[in-house]
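Novice: Spelled out from the first residue to the last, the chains are:
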Amino acid sequence: MAYFVGAANSLGDLQSAFEAALGNTGFTESSGIYVKNDIHAKLSVVGDGVSIGSVLNLSVGNSASGSVLEDFQSSRIGPQSITTGVTSWSWPVAYHIHILENPSEAYMLVNYGSFWQSLSLGQSPAPGNPGTGIWVHGSIGGNATNLGESALSMDANGIQRNYYYSMNMSCCIPFFEQGWSGGTTIHTGSLVHGVYQPDGSISWNPPTASMVNGNGANPLGVSSATPLSPLLGSQPNSWNLEAILLPCQVFQRRLENKSSLVIELSHLRITRNDYLPDGEVITLGSDRWKIYSAYRRDTAARNGSGTSRASNHSGTFAIAIRYDGP
Amino acid sequence: MAFDIGSADQRGVCGIAHKEMLRKIMMCATGCGRVVSYPFVGTGTGIMTITHTTQITQNEVFIVTFTGASGFSVMGTVSGSQPNASLGVPYLNDYIGFTIIAGDTPFAIGDSFTVTTKASSLPVGQRWQVIDYRTPAIGSHELYLKGFGISEDKEIFIGFRSYENVAADYYNLTSAMFIGHEPGALWASQPGMMESGIPAHNQNINYWIQVDGHAINIAMGVGSPVVYESGGAGLFLPYASPNQYRYPGYVCGMLNGAAAIRYSETTHTMGWKGNRVNLRIRNTAGAWVNAITWPWSNAYVGGATSQLRDTGGEYPMLGIQLYTAADLWGQLDGIRYVSNFNNTVESVVQYGGSPVLDNPTWTNHRLVQAVLDAGGEAWVCLQDVGRTSFNDYFSMRMA
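Same order as they appear, the protein sequences are chains C and W.
Position one of the first sequence corresponds to residue 1 (our numbering), numbered consecutively onward.
Position one of the second sequence corresponds to residue 1 (our numbering), numbered consecutively onward.
If you're looking for bench data, these hints aren't it; they were derived computationally from the structure.
Given the structure is predicted, the values throughout are model-derived calculations rather than measurements.
Only true hints are included.
For the chain W half of the interface with chain C, some residues (derived, Cβ under 10 Å), not all of them:
1) 283
2) 292
3) 294
4) 295
5) 306
6) 307
7) 310
8) 311
9) 313
10) 316
11) 339
12) 341
13) 351
Ideal Cβ placement from N, Cα and C applies to all residues, glycine included.
Could you build all of it, start to finish, from the sequences and the hints given here?
Specialist: This is the structure in structure tokens:
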């Protein structure tokens, strides 16, 4: 377990910091690919690395040939435009990197002003998962085509309904996308290897599948948000105002109205930060957890934006990552 | 944690199954050992009934061999030669007790029972104290227990009692919780009393008992066709510090109080599913409230829209979250949700250990023991009365 904190003046700096953290914590590097167990990870900057539209891309695959990843998926972070009230990055930005073991999970949180984006990866298969259980998450979906908007929509149960703009913007909670039944396509920022195709074969979850709409049309949708309902909506507790750190269990919607537990992130919890400022460290027994907003904390509109387009905040939805820093 | 799996019937010490069940709970709670199996080899058709284990029952095997003239020798692999037993006479040594009755075919010399025993795994400091056992009426036996928690510094008051009606042909138990014990008070007047009925049987009960320092849970298979009744009482695992939430109690059963309902009634439902009067928790204000339980409350995991199934043949045991409208109180310990997709009642899910065990000829207790011996966790899957839909199962850890 390791924790790194620092500042970056470009996406290239963030790439260097993340690669250094991986390289110092058990990942081996070859031709720019960082390998541990079944994880093959590659970071790259697209664009000039500082301007709107540039992204830091994280690709995670099951194998590699030289410098080329194979059977991989990608996700991203980066500055967005300021349209519809969205705030872009102002350099330098701060980063927090958590590298964790058993199972291997790595998280990079980037902070600009009161906003947060995250880029993370891991291998956290549920027992029986027929895939490798490797996963990648970023605040911008790898297949998103419109990088100019980052409106974020959530409702009282923490379910993110991505009504607008082809789901460009995710949040720091992996697999929190829920999708929408109204026809708007989502481009999830979270992908895992080890979901069941209708024919029984194993694949990555398609970035356009949701769990709510999973049966029939999209039988491969996965989610960590839908399974948490209504627990996350009941937080923090009324009797002591404390919020429980809930597990990030990712379930897949399968055919015949069934679901399966696909992965469970061991070092990340989902919670509400009504009374928890960013960076707060919670000690529970021998474990310590660091709190980060899902995007931007807004206690005045704690249940997120609902269907509002330009909310530009994540209410009081938050994550806690296992922490061993000072 | 400790457990026992076995059967209680009218051949036991109490002469009636549901009261014998109280005695089985008492033995397991107070740290008595258990009998894993007692297979017979020979020609006689007599029957052995296990009646006792003790707090010094240990891991060993007793060979009970017919020696003629209605006598049996008893030889332990660890404790050595024990006093002889006699046909039809209750037998008790320091470690086990049993009764052997004759069948239509007499025992032959050399016929033998092989009785495998295990010591209780309940730490001495977590053993429950029997603070009273009352028999205020023929139908009512009352077992009052005091526990000390896993931290061994608490005071936890729970109880189990029998109630029955011969004319209506029901012979039930209740699980109950109190906040103290008043020796002069009746059961119903004990401080903070809350109870829930669990339909049982007067003739035969196949049981699963799970005990740890802060709670006792039971499940029973009764009747024909068999239905499964379950419940328990004690402290759940609260999402709070001990100083914040001092008595996070729960009472789970199948009925609203000691209702006059027989096991064959078809609408009663296990409390584990939550959001009903037969699962109550004691909140921080000291009030008993109905708890809702996740994942049964989630439409996509344990609900109506989609239901959990296996992952590549592995069955995840989902923790049962206890909550009310604005509070998530905690989680049950050792009781979980398990899918009934392609599952069967009384199946044993093995977590870890090697090898993976599955022998359909073994008894449930023997299979659980084999999983434990292999270094795995053993979870027994049980159902809600006679229901067999995808969301009608729960699991009990046996450890």
